[in-house]
Amino acid sequence: MKIHGKLWCEFEIKGSRSEGYAYVTPHNSLLGLEWIQKNEEMSYYMRMMVAEVKADQNDDVAMKLKKTYPEVFKKGLGLCIKEKADLQLVGD
Numbered sequence: 001m002k003i004h005g006k007l008w009c010e011f012e013i014k015g016s017r018s019e020g021y022a023y024v025t026p027h028n029s030l031l032g033l034e035w036i037q038k039n040e041e042m043s044y045y046m047r048m049m050v051a052e053v054k055a056d057q058n059d060d061v062a063m064k065l066k067k068t069y070p071e072v073f074k075k076g077l078g079l080c081i082k083e084k085a086d087l088q089l090v091g092d
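In terms of the numbering used here, the sequence shown has 49 at position 49, counting the first letter as 1, and numbering is strictly consecutive.
Don't take every hint at face value.
[Claimed, not checked] In silico BS3-like cross-links for lysine-lysine, where the CA-CA straight-line distance does not exceed 30 Å:
1) Lys2 to Lys38
2) Lys74 to Lys64
3) Lys64 to Lys75
By construction, these hints were calculated from the structure, which means they are not laboratory data. Bear in mind that the values here come from a model prediction, so they are computed numbers and not experimental data.
Work out the full structure, taking the sequences as your base and the hints as a guide.
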């Protein structure tokens with residue numbers, strides 16, 4: 001994305017006033033993350049999108065692990081006969 005420059009300014013989005021950088025581009029559709037974060041409603045939807053992406057990434061990791069190591073995900077104890085093993089994926 002081509003950015004010609006930036007300037008510090010005051011702005012108002014959906015009734016929320018703040019200040020931050022405005023980026024000058026060939027198009028009118030660039031809205032900086034700091035602008036989104038300073039508006040409660042827009043910030044809420046941004047957090048929801050990020051949470052959705054992280055959930056999808058974790059599902060992808062689980063699928064890859066199951067495909068690469070199918071024996072680990074079989075029912076029963078397998079080679080582990082003295083203790084029960086439990087594999088849990090934890091996100092970043």
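A quick look at each hint next to the structure:
1. Lys2 to Lys38: holds (24 Å)
2. Lys74 to Lys64: Since the Cα atoms of Lys74 and Lys64 sit roughly 15 Å apart, the hinted pair holds (cutoff 30 Å).
3. Lys64 to Lys75: holds (18 Å)
Against the hints set out earlier in the document, no violation occurs for any number.
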